[in-house]
Structures are given as structure tokens and as C-alpha cells.
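Enquirer: Here is what each chain is made of, one letter per residue.
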Amino acid sequence: MNVDLSMFERFAVTFQPGDIIFCEYEPGDNFYLIQSGRVQIVKILGDIEKNIDILQPGEIFGEMAILEEAPRSATAVSLDKVKALEFNRENFEVLMKGNPQIALKLLKLFTKRIYDQKRRFMILTLTNIEARVADVFLMLAEDQPTEDPDEDQRSFSASVEDIAHWAGMSYAECKKVLNHFAGQRRVEIYEDRIIVKNINDFQRFVSSQRKKEKVE
Amino acid sequence: MPKAVRYHANSVVYFKGDMNDRVYILKSGKVSLNYNDIETGQEIHDIINTGEFFGVKSALGRYPREETAVVLSDAAMVIFSVPEFEQLVLKNTRIIMKMLKVFSNQLRRMHKQVRNLISEGKDGLEPEEGLFRIGQYYLNCQKYHQALYAFRRYITYYPSGKYASEATTHIEEAEKALQRGGAPASMAGMGSGIATGGEKAPQSEVQREELSETAKKYYNAVSLFSQDNFQAALEEFRKIVQANNSEEYVAKSQFEIGRCYLGLVQYDKCIEHYTQMIKHYPRHPDLRDALLYVGNCHEKMGNTGKANGFYKKVLSMSSENEVIYRKAKRALRELEGSK
Chain A
1 MNVDLSMFER
11 FAVTFQPGDI
21 IFCEYEPGDN
31 FYLIQSGRVQ
41 IVKILGDIEK
51 NIDILQPGEI
61 FGEMAILEEA
71 PRSATAVSLD
81 KVKALEFNRE
91 NFEVLMKGNP
101 QIALKLLKLF
111 TKRIYDQKRR
121 FMILTLTNIE
131 ARVADVFLML
141 AEDQPTEDPD
151 EDQRSFSASV
161 EDIAHWAGMS
171 YAECKKVLNH
181 FAGQRRVEIY
191 EDRIIVKNIN
201 DFQRFVSSQR
211 KKEKVE
Chain B
1 MPKAVRYHAN
11 SVVYFKGDMN
21 DRVYILKSGK
31 VSLNYNDIET
41 GQEIHDIINT
51 GEFFGVKSAL
61 GRYPREETAV
71 VLSDAAMVIF
81 SVPEFEQLVL
91 KNTRIIMKML
101 KVFSNQLRRM
111 HKQVRNLISE
121 GKDGLEPEEG
131 LFRIGQYYLN
141 CQKYHQALYA
151 FRRYITYYPS
161 GKYASEATTH
171 IEEAEKALQR
181 GGAPASMAGM
191 GSGIATGGEK
201 APQSEVQREE
211 LSETAKKYYN
221 AVSLFSQDNF
231 QAALEEFRKI
241 VQANNSEEYV
251 AKSQFEIGRC
261 YLGLVQYDKC
271 IEHYTQMIKH
281 YPRHPDLRDA
291 LLYVGNCHEK
301 MGNTGKANGF
311 YKKVLSMSSE
321 NEVIYRKAKR
331 ALRELEGSK
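Going line by line, the protein sequences match chains A and B. Sequential numbering from 1 applies to the first sequence in our numbering. Sequential numbering from 1 applies to the second sequence in our numbering.
Please keep in mind that the hints were generated in silico from the structure rather than gathered at the bench. One or more hints might be untrue.
Cut-off 20 angstroms, straight-line C-alpha distance, at most; resulting in silico cross-link-like pairs (SDA-like, lysine to any residue) [as the list claims (entries may be wrong)]:
#1 Lys-108(A) <-> Glu-52(B)
#2 Lys-118(A) <-> Lys-214(A)
#3 Lys-279(B) <-> Arg-10(A)
#4 Lys-269(B) <-> Asn-229(B)
#5 Lys-112(A) <-> Gln-113(B)
#6 Lys-105(A) <-> Val-82(B)
#7 Lys-175(A) <-> Ile-199(A)
#8 Lys-211(A) <-> Leu-126(A)
#9 Lys-97(A) <-> Ile-60(A)
#10 Lys-108(A) <-> Asn-105(B)
#11 Lys-112(A) <-> Lys-176(B)
#12 Lys-83(A) <-> Ala-251(B)
#13 Lys-176(B) <-> Ser-223(B)
#14 Lys-112(A) <-> Asn-229(B)
#15 Lys-83(A) <-> Tyr-281(B)
#16 Lys-118(A) <-> Arg-108(B)
#17 Lys-118(A) <-> Leu-33(B)
#18 Lys-327(B) <-> Asn-303(B)
#19 Lys-108(A) <-> Arg-62(B)
#20 Lys-105(A) <-> Lys-101(B)
#21 Lys-176(A) <-> Lys-214(A)
#22 Lys-112(A) <-> Asn-105(B)
#23 Lys-97(A) <-> Arg-94(B)
#24 Lys-112(A) <-> Lys-16(B)
#25 Lys-312(B) <-> Gln-266(B)
#26 Lys-118(A) <-> Gln-42(B)
#27 Lys-118(A) <-> Arg-62(B)
#28 Lys-118(A) <-> Gly-41(B)
#29 Lys-43(A) <-> Arg-152(B)
#30 Lys-98(B) <-> Val-94(A)
#31 Lys-83(A) <-> Glu-63(A)
#32 Lys-112(A) <-> Arg-22(B)
#33 Lys-112(A) <-> Gln-106(B)
A quick note: this is a predicted structure, and the numbers were derived from the prediction, not measured.
Taking the hints into account, I'd like the entire structure generated from these sequences.
Expert: Shown next as C-alpha cells:
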């Protein structure tokens, strides 16, 4: 990002490799702009640490803290020696006014987040739980464009926990639905990924269900 | 170049579901954005006022239009491509700030709606329990550095929480493990369970190497200290401060230097050192311990009044079930008793 950030030097913080920048469940009041080094976003599910994302210099994270002091939804760990600018609600406006590039970046990030939240909401409005699980896969498919649009089969590096999370159901409930799909040979569940045999079949299933629920 | 266009009444600027990357500003006339509320399904008509932008979100976010833009009465508007729009707003931060406010409000509302639906399901843990469990996770996989972070945070936010005493015990455990040199802090974050992110490994490997050198030096100095070899420990901690390779270890060493002076019975130096440290690191994690030691020094030098002041200061900064509180309380009691 070609932005002169020297005037924000006083907001700079440094983290050593392996440092936790913030922890899931902690109240959040700061957000960060990475200047150098990479930051890994992880979630701890039971006794595994799951990689959510790896962020590069120029990226913003923790930005939800600007909106509300809700608990952090994931843990941010520095992967390298990380230098970042740390902002909070107080110095936020100073930053934005002094640096429109960052403000614009944030604006774009928000458009994406709003869309993602709406998409997520659409899943949750489905009352049929099978349709809800299928719609989670549709959402994931929208986020990972395929090279071959004619290919029906899609593979997702998601776990049952992930699907349950997006579908807003318990693990057990979600597992039951997935097993049912597996029994119908519509999905295959592996340790590190879930394969949907025919994404278009899910698409038809979800849209017919949507129509049906609208009428009711 | 931004393009001025005119639309007749009843024409459509774009349809819901369209993909296009244009942003519009209404100059005159009347435009309505029509869509169904995602919660109720009710049809909504948002009227655009002259001078207002529309189509911004889906253009910037590169997703399909979420509403149909219908012209109600003959309208004039200016069309921007995304790069043109960006150029315009970069010169005019006020517009961005205004949009940020609108978007963040929408986002907050969306979050609330999602949470309302989720709350029926059992999604996740209470934050208090969640934070504690994260500490436990890291402790179990011997990532002591991270475990310390989570437990210390827990104690900060929930000083009288249901896991407070357990967390305190775990903190001591993790500290001991680190002092033994168990898993060096630098390596701890990079351990097992993370499949991705290895592509740039060589570079970060070097940095890890560097840090673990500092970490090694630090723990070596800590072990000298624990053998009551205060002079040697002092020199080692000073070297770490001078080398200035790691902010974290410099801050930690600064704290330990004060303890070395205390061990060496150089009370005035200890007080002076901690005074400087607190000035430099007003939010040092060991701030209260430093204040307690300053109190100790004053006490040893016979300044009971000052000692009393520092102990009380520590008490005021702590809550009853914290170790530091008990330490300060005890120091105060002993001070009273010795009178």
C-alpha cells in the first residue's frame, strides 16, 4: 500500500513471532493495520487450533472493535516479527482524516462484511435444517470460485464444527444432517474436507425450499 | 470520466441481481431503491435524495445488486466507475467518513439480527469460560507463552471470576515452565496443529532464531537470579537491554534489573530504576510488583511512611483474590506490626 504512515508512528506496536495480539473471547477495543510481518487468525476448537486466515502487510484486522466492544471472535497471533498500527475508537477519526487510503480500505472491508453477514442471515432464515446445511455449502462455494464451472463436484476444507457454526446449529444436529446427506451419497465427509457431489443439486434444493417457506 | 446521464420516469437504472461496477449520484429527480427486508420479507422503498450516492456497496464490494433502482420522476445523475469514485472520495474524506458511519450502522444491525437467530442455537461459550479454556489449551500443548497471555488476560478481566484461582495457579505453572526453559517463548506459537502458512518459513525461521537467542539469554539470567547470583544476573539483564533485540524481553529485563538491585541491597538504585521504568512503561505488566518492591526498598531504608504509601497504592490497583493483593496486604501488616 503506497501510503505515508510516518505520521502514525506513535501508534506503532511490535509483536514477536508467536505473540498473541489478541485472544478470542477477550473484549475488543483496538484494531490493527499490519505494516510488516504476517498475522495468523486462529480459532481453538476443543483440542485443535484451526487456521482461519493469514494476513499480509497492508491488511486490517480486529476492525469489529470500532463498532462494538463485543468479544473477539478469533485469536490473532503474529507469525513473524510484526509491526502494526494500533487504533481505537478515540484515535480512529484522526487516522481516517489523515489517511483517506486507509478509510477507503475500511469502507471496502465493511461492504464485504455487510454482504457476508446478510448471506449468513439468509442461511439462518431457512427453517428446514437440511436446507440450512446445504445453503452453508452454497455460501462457501460462492466464496471459492471454481476453475471449471461445469464441474458439479466441489470440495471444501471445512469441518463439521464449521458447518454447524455457520448453520447456527449444534454439532450433533449438524452431524446428523451431514450423515443423512452422506447416506444419500450427496456428500463425503473426510477428516480435513467435505466433498459435495453435486453443488447444483444443493442449489435447486435450497431455492425450492426457500420458495416453499415463503408461501407458508 | 464520470458521465452525466438522464433517465425517464418509470425506467430502471439497475435490477436486483445485476452485476455492475458503477456508482451513481443523483443530481435531480426521484429514484427509489426497492428490495425485500431480509427479516420480514416486507417490500421496502428507499427514496434517494438529490446529492446522494447509490449503488456504492455492491460496486465496491463487487457483488450483485441487492435492490432494484427505479426512477420515479425524470432524473439526472452522474455515473462513476469504481476507480473514478475512489479518486473522488480520496480527495474528500468527509464522504468516506459519512459512508463509514452508515455502513457501520448497517453492519451493527446485521450482527444483531444474526445473533438473535443464533441465540436459539447454542453457539459458543460464555466469554469468561472461553478465555480460560484457551489458556488451558495452550498450557496443554506446552505453549506457555500463549497460555500466560490468556490466563493473565483472564485475571485482568475476571479478577474474581470462577476460574481466577485456577488461572493464578496456571500462571505460576507456566512461568515456572518457562524459567526451566521448557518451551522457549519464541517457538511456542509455531508448534503443531497449523497446517498452512509455511510458505515463507525460511524468513520467519531466522527471526525465530534471533528471538530464541534473546529468550535463552533472558532465561539464563533468570536462572542466575534464582541462584542468588544477583551481580551476574544484573549484568546479563543489562546486556539484553543494551542489545535491544526484543521489546518484550527488554521490558521484562528492566523489571528483573530492579529485583537484582533489591537482591544486592542497593535500595536507592532499585527505587531509581523502577521510577525510570514506570515512566518509560506506564503499562508494564509487572507494574504493581515494581511498586511493591519500591515499597520494600523504602521500608528497608526506614521510610515507613513512603513504604506505607506504595503498599496502599498497590492495594488500590488490585482486587482481593489476586496474589499481588495478598502480598501488599501482608507487607502492610508487617509494617504496622514492626512499629
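Enquirer: Starting from the hint list further up, note which numbers the structure goes against and sort them upward.
Expert: 11, 14, 21 and 25
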